[in-house]
Amino acid sequence: MKILAPIDGSDCSIRAVEFAVELAVRFDAELHVVHFSDSETDATDIVLDRARDAIAGTDLDSEPELSLLELDVVPGNQVGKEILRLVRERDIDHVVMGHHGSGTIERAILGSAAETVVRDESVPVTVVP
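Just so you know, we're using our numbering here: the sequence shown kicks off at 85 and counts up by one.
Since the hints were made in silico from the structure, they are not lab data.
Cβ atoms here follow ideal geometry from the backbone N, Cα and C, with glycine treated the same way.
Some hints here could point you the wrong way.
Label-pair restraints from in silico Cβ distances [claimed, not checked]: (1) D133 / E205: 30 to 38 Å; (2) E102 / P208: 17 to 25 Å; (3) K165 / P208: 29 to 37 Å; (4) R203 / D133: 26 to 34 Å.
Just need the whole structure built from these sequences, with the hints factored in.
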């Protein structure tokens, strides 16, 4: 089983990573954690560090894949489409994601991403509040 957990650094997405880790341990699954950004910055490093901290000290048998995927532009539902592209490319069995980011803009971006992925119906999705 392969689980994908997209993150944006918000508390909501970190809770989603923690839940994804629980699922990965329970089902002996491969975990893929991905962050989308239009450029690599210190903020990107902070997001990935938060994910690493959430994963540290868990019972995962293998190190999860942590990815930074660069997007030129990240309008509303493009993140959702990119998540679905990864689902197909990596043969993902389950997506675990936060409902929305921490601010107004993040809510619009990741909230619509969650909606896009859920509505697609091609893969089971757990949306973490």
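Evaluated hints:
One distance hint, 30 to 38 Å for the beta-carbon pair D133 and E205, holds here, with the actual separation near 34 Å. At roughly 18 Å, the beta carbons of E102 and P208 sit within the given window of 17 to 25 Å. Between K165 and P208, the C-beta spacing of about 18 Å breaks the proposed range 29 to 37 Å. At about 32 Å, the CB distance of R203 to D133 agrees with the hint of 26 to 34 Å.
Hint check: a violation occurs at hint 3 only; the rest are consistent with the structure.
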